[in-house]
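Chemist: Take a look at the letters that make up each chain.
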Amino acid sequence: MKVAVRYFASVREALGQGETVEVEPGATVGDVRSALIARDAAHATALHRGRAVRSALDQVLCDEDAAVGEGAEVGFFPPVTGG
Amino acid sequence: MPSARVTVQQADFDLSAEVAALRADDPGVGAVASFIGTVRDRNDGVGVSAMELEHYPGMTERAIEAMIDEAMRRFEIRRARVIHRIGPLQPLDQIVLVVVTSAHRRAAFEACQFLMDYLKTQAPFWKKEQTPDGARWVDARSADDAALARWGIAGSNATPAETGPAG
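Line by line, the protein sequences give chains A and B.
Using the numbering used here, the first residue of the first sequence is number 1, and each one after it goes up by one.
Using the numbering used here, the first residue of the second sequence is number 1001, and each one after it goes up by one.
Just so you know, not all the hints are guaranteed correct.
What the hints assert, rightly or not - Have a look at the derived ranges for each label pair, beta carbon to beta carbon:
no.: 1; chain 1: B; residue 1: Ala1146; chain 2: A; residue 2: Arg51; range: 17 to 27 Å
no.: 2; chain 1: B; residue 1: Pro1027; chain 2: A; residue 2: Glu13; range: 48 to 58 Å
no.: 3; chain 1: B; residue 1: Gln1010; chain 2: A; residue 2: Ala38; range: 34 to 44 Å
no.: 4; chain 1: A; residue 1: Gly16; chain 2: B; residue 2: Arg1106; range: 39 to 49 Å
no.: 5; chain 1: A; residue 1: Thr45; chain 2: B; residue 2: Gln1130; range: 19 to 29 Å
no.: 6; chain 1: A; residue 1: Ala14; chain 2: B; residue 2: Asp1133; range: 12 to 22 Å
no.: 7; chain 1: B; residue 1: Asp1025; chain 2: A; residue 2: Glu19; range: 43 to 53 Å
no.: 8; chain 1: A; residue 1: Arg51; chain 2: B; residue 2: Ile1036; range: 31 to 41 Å
no.: 9; chain 1: B; residue 1: Arg1074; chain 2: A; residue 2: Glu70; range: 30 to 40 Å
As the list claims (entries may be wrong) - Covered stretches of chain A, going by a simulated chain B footprint (3 or more residues, C-beta under 8 Å):
no.: 10; stretch: 2-13
no.: 11; stretch: 53-67
no.: 12; stretch: 73-80
It is worth saying that the hints were derived from the structure and are not from the lab.
Glycine included, each C-beta is placed from N, C-alpha and C at the ideal position.
In isolation and in its complexed conformation, chain B is listed as follows:
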């Protein structure tokens, strides 16, 4: 069996090694889809010289495990692997990796996109960017909620949705 499905780490990752490990002992695999998110040097028109990624230890792993369980239910995939980096990162650095294996390509493509859409709005990570004007927390995007909604999941991360009792 491959190693853990979810890893949160400071260290960089190697796509080739992860793909090799995920499909090594599984001759039923006919398709592998992957996604890598990287650090841009600009965000919302402002230069970004570095960023710091914070997360909620324990909850992060649990949330992504649940997302993979959901992807396994929805798509005919064989395995999935998610790695998300934390700590200080710089432009060009890799941030996140999703790899999915399946018998046929469609399920792998779809599950890979589903996992990223889910992760963007439901996994507890926060980015703080260094800009010429100082450090700033990155704002969540309602477009990411819309991306998740396409899969029939109502996310209300960026969208102001105060559902609690008035106080």
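Next up, chain A with everything else stripped away, as it sits in the complex:
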């Protein structure tokens, strides 16, 4: 199934505004991240698990166990620094 991915801040600078990724039904946000990491060196660096990358599923903060549905929107970004 297809999932829309969006990037922000330093992750956006490295990988662009976003892209589409194909994952198996029942996939989690962590599976989406893994699929992206496998794409190329730029993805592997920007989304490396040693980095502080936060995620959102359908525009709500989530952890990597969150289950992704068809047509979902997943965001990856660094820790937030507003206010």
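Position chain B relative to chain A; hints supplied.
Modeler: Frame of chain A, contents of chain B only:
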């Protein structure tokens, strides 16, 4: 009824106008608390000449709406208003406004602080600063996670907390 509770905008805001609008038709209000965050000219010992604020459109508004809902549940407040600016900003500029009305002062003070603590770690905004050494993304602070934890909410924004499956 007042206008929207949450606004994300490039334009500046006017505290007096926002306070007036929030309490205009509500004679039950006995207290108004507000907070304004502004751009400093130094951060972590380095001069800051300008900054750019980015956000996640849609998610930002949704996240702050949820924070206001939570503040309404926790504190006896009447209304709340949050404005956060995005785009290019300079030292002295206003960044964020929180205004809360209530019957008595304590709830307004507490809800105002709660909303800011929540916003700092859970609303998707990112600051990029211009310094003499070039542009840099601002680092999140674990002290902000600790501030939210005081309200009994476990935040893991700055704190490295990789909870996902190993990959």
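Chemist: Quick check on a hinted range of 39 to 49 Å for Gly16 of chain A and Arg1106 of chain B, using CB atoms only.
Modeler: About 48 Å separates the Cβ atoms of Gly16 of chain A and Arg1106 of chain B, which means 39 to 49 Å holds.
Chemist: For the pair Arg51 of chain A and Ile1036 of chain B, does the Cβ-Cβ distance stay inside 31 to 41 Å?
Modeler: 33 Å, holds
Chemist: A range of 30 to 40 Å was offered for this pair. Does it hold for the Cβ distance of Arg1074 of chain B and Glu70 of chain A?
Modeler: 36 Å, holds
Chemist: Starting from the range 12 to 22 Å, see whether the pair Ala14 of chain A and Asp1133 of chain B falls in it by beta-carbon distance.
Modeler: 20 Å, holds
Chemist: Verify the CB-CB distance for Pro1027 of chain B and Glu13 of chain A against the hinted window 48 to 58 Å.
Modeler: 50 Å, holds
Chemist: Taking the CB of Ala1146 of chain B and the CB of Arg51 of chain A, does the distance hold inside 17 to 27 Å?
Modeler: Holds - the Cβ-Cβ distance for Ala1146 of chain B and Arg51 of chain A, about 22 Å, lies within 17 to 27 Å.
Chemist: How does the stretch 53-67 of chain A fare against chain B when you require at least three residues with a CB closer than 8 Å, holds or violated?
Modeler: holds (count 8)
Chemist: Hint says 19 to 29 Å; check whether the CB-CB distance for Thr45 of chain A and Gln1130 of chain B agrees.
Modeler: 24 Å, holds
Chemist: Determine whether the Cβ-Cβ distance between Asp1025 of chain B and Glu19 of chain A falls within the hinted range of 43 to 53 Å.
Modeler: 48 Å, holds
Chemist: Between the stretch 73-80 of chain A and chain B, are there enough contacts, at least three residues with CB-CB distance under 8 Å, for the coverage claim to hold?
Modeler: Result for this restraint: holds, n = 5.
Chemist: Range hint 34 to 44 Å: satisfied by the CB atoms of Gln1010 of chain B and Ala38 of chain A?
Modeler: Between Gln1010 of chain B and Ala38 of chain A, where Cβ atoms are some 38 Å apart, the hint holds.
Chemist: Using C-beta distances, would you say chain B covers the stretch 2-13 of chain A, given that this needs three or more residues below 8 Å?
Modeler: holds (count 5)
This entry satisfies every hint, going by the numbered hints stated previously.
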